[in-house]
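Each protein sequence line maps, in turn, to chains E and F.
Take 114 as the starting number for the first sequence in my numbering and just add one per residue.
Take 17 as the starting number for the second sequence in my numbering and just add one per residue.
Note that these hints are calculated values from the structure, not bench results.
Remember, it's a predicted structure, so these values are computed and weren't measured experimentally.
Keep in mind that the hints are not guaranteed to be accurate.
As the list claims (entries may be wrong) - Straight-line Cα separation of at most 25 Å, SDA-like style, residue types lysine to any residue; simulated pairs: (1) F:K74 <-> F:E112; (2) E:K406 <-> F:Y262; (3) E:K171 <-> E:G186; (4) E:K406 <-> F:W298; (5) E:K171 <-> E:E222; (6) E:K386 <-> F:E222; (7) F:K158 <-> E:P383; (8) E:K382 <-> F:Q259; (9) E:K382 <-> F:I207; (10) F:K224 <-> E:H389; (11) E:K188 <-> E:R169; (12) F:K108 <-> F:V157; (13) E:K386 <-> F:I207; (14) E:K386 <-> F:R254; (15) E:K382 <-> F:G148; (16) E:K382 <-> F:E112; (17) E:K386 <-> F:D190; (18) E:K171 <-> E:D154; (19) F:K216 <-> E:R346; (20) E:K386 <-> F:Q259; (21) F:K216 <-> E:R169; (22) E:K386 <-> F:G148; (23) E:K188 <-> E:R366; (24) E:K406 <-> F:F293; (25) E:K386 <-> F:E228.
Chain by chain, the residues run as shown.
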Amino acid sequence: MIVRAPRRIIAETAVAHSALLETLRKNLPEASLQVVDRIGDGWGRSPDVVEVVDFRGKFLKSCPGTRCYNCCGYKILHLGTQCSIDCAYCILQAYLNQPNLRLFGNLDEMFSELSGFLSQNRLGLHRIGTGEFTDSLLLDPFTGITRLIVPFFAKTPNAVLELKTKTNFIENLEGLDHGGHTIVAWSLNPEEIQRREEPLSATISERLEAARWCAAQGYFLAFHFDPIIDYARWQSGYGQTIERLFEAVDPSRIVWISLGALRFMPDLKPIIKARHPSSRIIYGEFIRGLDSKLRYFRDIRAEFYGFIADRIRRADPELCVYLCMESDDIWRDSLGFCPDERGGLAPMLDRAVEKKMGIAPVTDLGFGADKPRASE
Amino acid sequence: MDLRFVALSEIDLEDSGFEVPSFCDWSRLRDSLGRFGILDPVWLCERSARYSVVDGFKRLRWAKENGSRRVVCLIFESDWAERDVWIRRIEKKIFEGDINPAEKARIIGVLAKLFGPGQIPGAFLSSLRVGGRGETIGKWVKLSCTGSQMLGALGGGELCERAAIEIADWEQTDLDLVLSLLRALRCSDSIQVEIVERVKEIAIREQKTRAEVLTMEAFGEVMTSEELNHREKTRLIRELLAQLRYPRLSWRRKRFEQDVEALGLPRGARLVAPEAFEGGGWQMQLSFSRGEELRKILRATLPLVESEKLEEILGRR
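Only chain E is shown next, with the shape it has when bound in the complex:
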């Protein structure tokens, strides 16, 4: 995969002297720099621009989840917005008022908020990821952010970092002290879907090669069959990708695999139609879900999940497979149980972390309930 290097950096005055901007300038020597007081919404869309803003919101958020469906209790570390991989189904297309790649330059404040959260929440286990509003590694060759956050998580006793990507930009992960606290995760689809709907992303071979390399570096891995897309040859397509996955990596390195069928807000449909006129994904058999998103009719979803989970179990029956944003009846239909029967989805994933990564949820701070020591 080749990333198109941004040719123009627009930075807000407040972050004009930030370490992030300095790194960007070093790694993008050809790019012009414009410093402005405030980058508002609605600037024109340009794939050549990267904006660096002084982010005033919360860096750490709970995964928005969706009502009526089981959520995994994930936390999102918000480092930037937008993605230039431009997959046909991507929700980020709907963020029309902020169309450009945007990074948050005040990383010191991000680390301070993260440290504060972790020191105030010393019980349990925190699964934190950066790939919700942007791809975790897309701009990493220029920002080098992983060189800061991966070692940070290595020192946290009860938190793991998940970097979710469709790229193979893993060079910065080399030689980092990750302490076994970082999971590098890839979204997977059949080759045919990758070519058609995610054409600017790394190929499936490139992703699996990158995963193999990360595993060799001691990183743990995760995979997300999300969004699963309905098409004529879906069984052979997904079957082949699963085969290739287990040929490429040792299942013992995989912490979890999630499955989620394509779903989107109805407002995204005309956007996909206009921006990706050759894509047929919006013509699937969608119904309006309990959360008002368009989802494949439940029997189709259950069939996807049952098939893919079965193929995964053939390779490793113990591997943690979970469904992203699905109801109990779909869980039962496709996986044979629902999360509540195993203590809930979040504890299920916590157990997977404990089993594979050896990081257990903290249940007791050693001085009674969660009460700080007198000296703290």
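Chain E is fixed; fit chain F onto it per the hints.
Using the frame of chain E, we list chain F on its own:
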């Protein structure tokens, strides 16, 4: 501009360059002309040996039919640029109000030529209630070129504006087929849009042409039936399209109906599936008027509820 009487023989009645055809009945205008004559001057412009008509095509037709020799006209002299004449013509049309979709298509087609599709002044577009997006303008422009059959249906109220916009870029064969279907069904605007969208989506899903979808045997059977009226035909066509667009869901619904029937619930008891079978919100509805009736329904229902058949229905895929 000059206002004067002009002999009909001086006017090129065949030149329709400035015409904005309405494709609708003008008997009300005929009545008025018959009673009061031409009250509003016809607009002409000097372009060649004879005058071209700018506005007043119907009035002139009436005048000719009724043997008038001359009519009162507003003349745009030869130094008027065609573009300026058109702008005034369109401005007048807008202020007269009641522009039908066929006229609207023609006007937008002209405006796109005069200004370029992306440069049409917002005041025109907002008066015509058209969004300024390039895609929307492009569809209206295509619509203006679709020919008299389509514009006739649009102006005559047989085809609604939204459905027309959806089909504006279809091939002529597809257009002819869908138009003849909608004309025969005489359905509401929202149903027209639903039918058009379904045909389009089924064609894309199944990788067929729209014509292939529209000429499916099942459609033919419904449309050629002499026993069904247009409402029944509309219902059946919508059902067919829903089955084609949502085959798995339709199959499941049908199967559910068959299963419930086979379960043999007593009268007054009804099993209701969640919308699109999504989530766990199944319902058992009991309708009764007396306590004894309820007890009877419950006694008959309980064994069925306890049976494995119910689990099969709830869990069937």
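Hint check:
no. : hint              : in the structure
1   : F:K74 <-> F:E112  : 15 Å, holds
2   : E:K406 <-> F:Y262 : 17 Å, holds
3   : E:K171 <-> E:G186 : 17 Å, holds
4   : E:K406 <-> F:W298 : 20 Å, holds
5   : E:K171 <-> E:E222 : 10 Å, holds
6   : E:K386 <-> F:E222 : 17 Å, holds
7   : F:K158 <-> E:P383 : 20 Å, holds
8   : E:K382 <-> F:Q259 : 21 Å, holds
9   : E:K382 <-> F:I207 : 20 Å, holds
10  : F:K224 <-> E:H389 : 19 Å, holds
11  : E:K188 <-> E:R169 : 18 Å, holds
12  : F:K108 <-> F:V157 : 21 Å, holds
13  : E:K386 <-> F:I207 : 22 Å, holds
14  : E:K386 <-> F:R254 : 24 Å, holds
15  : E:K382 <-> F:G148 : 20 Å, holds
16  : E:K382 <-> F:E112 : 38 Å, violated
17  : E:K386 <-> F:D190 : 21 Å, holds
18  : E:K171 <-> E:D154 : 18 Å, holds
19  : F:K216 <-> E:R346 : 22 Å, holds
20  : E:K386 <-> F:Q259 : 23 Å, holds
21  : F:K216 <-> E:R169 : 45 Å, violated
22  : E:K386 <-> F:G148 : 18 Å, holds
23  : E:K188 <-> E:R366 : 22 Å, holds
24  : E:K406 <-> F:F293 : 15 Å, holds
25  : E:K386 <-> F:E228 : 22 Å, holds
Hint compliance for this structure: hints 16, 21 are not met, and every other hint is.
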